[in-house]
Amino acid sequence: MYYGLISSMKKTVAASYTARTTAFIAATGISDTTIINALNTMDLSLISNGLDTKMKALYPFVGGTASTHKYNFMDARDLDAAFRLTFNGGWTHASTGATPNGTNAYANTFLNPFNYGQNDFSFGCYLRTTGSYGCYIGAVATYRNYLLPIGTTYYAQINSSGYASTVITSAQTTKLHVISRTTSATASTYINGTLLFNDNVVSDGKPNSNMYIGALNSSGLGYYSSNEQAFAFIADGLSPTDVTNLTNTVQNFQTTLSRQV
Amino acid sequence: MKLTDITQAEWTTYVGLLTQEQMYSIVGKEYTTDSYFNPLQDLNDNWIISVEEMEFCTNIEYLWVKDLPLIIYEPIPAPPLS
Chain V
1 MYYGLISSMK KTVAASYTAR TTAFIAATGI SDTTIINALN TMDLSLISNG
51 LDTKMKALYP FVGGTASTHK YNFMDARDLD AAFRLTFNGG WTHASTGATP
101 NGTNAYANTF LNPFNYGQND FSFGCYLRTT GSYGCYIGAV ATYRNYLLPI
151 GTTYYAQINS SGYASTVITS AQTTKLHVIS RTTSATASTY INGTLLFNDN
201 VVSDGKPNSN MYIGALNSSG LGYYSSNEQA FAFIADGLSP TDVTNLTNTV
251 QNFQTTLSRQ V
Chain C
262 MKLTDITQAE WTTYVGLLTQ EQMYSIVGKE YTTDSYFNPL QDLNDNWIIS
312 VEEMEFCTNI EYLWVKDLPL IIYEPIPAPP LS
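Chains V and C supply the protein sequences, listed in that same order. Going by my numbering, the first sequence opens with residue 1, and the numbers climb by one from there. Going by my numbering, the second sequence opens with residue 262, and the numbers climb by one from there.
No lab work stands behind these hints: they were computed from the structure. C-beta: ideal position from N, C-alpha, C; glycine also. Please note that a few of the clues may not be correct.
Claimed, not checked - Some but not every residue of chain C turned toward chain V, in silico, with C-beta under 10 Å:
| no. | residue |
| --- | --- |
| 1 | 276 |
| 2 | 282 |
| 3 | 293 |
| 4 | 301 |
Whenever a hint applies, use it, and build me the whole structure from the sequences.
If you want it as structure tokens, here you go:
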């Protein structure tokens, strides 16, 4: 009788993951309980902070292969329409994340910002290694969406044809980088939860082009980066509080996986 | 110079040199599971692929890429942002 009760309890525990976690582990085939628990805790944090309804694509880069890194946690179907990544060129996949080679590597998210709000959009990524050249994530077609350092100049824009940049150091090219626009007047860029700058460039249109990770999707594909990425997302616009909550969620996720920087 | 002649630290220095026919035969094709060749042209109009694509290729149709001659990578400068 006790055996039956304990067995029943185990089944209950095993079934206690969120629907998204369950779908993601089914798609990826990941069985490592440290990873699964980290994903589940991350999802519960997204839910409790109201971030899950804002996320369109979220790439946790777990499992160590292209076949596990490609999935969008928010919709773990193996479809372009689910914003599943395709990895092109030279990538190195490891348990710590996905590293583009800075030569010809990019991942197509199939998410086109043209289909989302001009003043309600954000994106970002968690970088484990430094690298002061190349687009971490972005797309340009007249209007500009990117996080893109060139030396000490950091270009960061959402849905604007004007230009915005600030100065960063090499040491600042790690951790969670986020840019968010919730008004027409300003887009805000954050590193590790701290506001880096408000660009004050008015939004005037949206690029009709898929967001790429590891390079800039423009008429001439380029600005290849080489920073290892351990998390990336594209979402509706995030408030400063949202950015703080997301930063804490992502940092806890990386710490649980022993790959935090 | 071949793939076996370089260390991993030199992967970013070198690229594999393709003929135009070879480029057409691999562009967009899977070199290992869920990873696709992305040949591009260098500053001298050579068609090239990265050392990672050569090293990690497991598709038996394209294992010949492991024997491509290596050249030093000279990228085309990216167009100015502004």
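### Query
What hints, given by number in increasing order, does this structure fail?
2
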